[in-house]
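Construct all of the structure, not just a fragment, from the sequences and the given hints.
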Amino acid sequence: MPEAEFPGLAASLKQGQSLRRVAQDEGDDGRMWRRSWFPLLRLHGAEVLAVDCVDPGGRVWIVRWEADEIGPVAPDLATLLNRSTDRMRAYDVTTSDGGFALELPPDDPPSGWY
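Residue numbers for the sequence shown follow the numbering used here, so the first one is 1 and each next one is one higher.
Simulated from the structure, these hints should not be mistaken for laboratory data. Quantities reported herein were computed from a predicted structural model and do not represent experimental measurements. Each statement offered as a hint is correct.
Distance ranges between label pairs, derived from CB positions:
no., residue 1, residue 2, range
1, R89, S18, 32 to 38 Å
2, A90, A10, 32 to 38 Å
3, G71, P7, 20 to 26 Å
Note that beta-carbon positions come from the ideal geometry of N, C-alpha and C, so glycine has one too.
Given below as structure tokens:
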């Protein structure tokens, strides 16, 4: 997905542990980070896509800390990836070793890749 970064399994596990500690230290009741979440992808700004490891389907959530909001984006990882692939095809996104190439009509930008 454009603007998404997967830092690797070890870094994601470390980030998840760090986010749980911060949420616990700040007395967060699970409103902005849940213990069962695994940080899957970092998006632009302070946004993370997280997979709920306790949910039977592995629901995917988006966490937007700066906007103080969370919300489900897909019932499972396969659905998220399929939707993203469909959006990328619709907007003729191509990938290469250097990243993504994207040309959008100015009046029709995508609202998200998920």
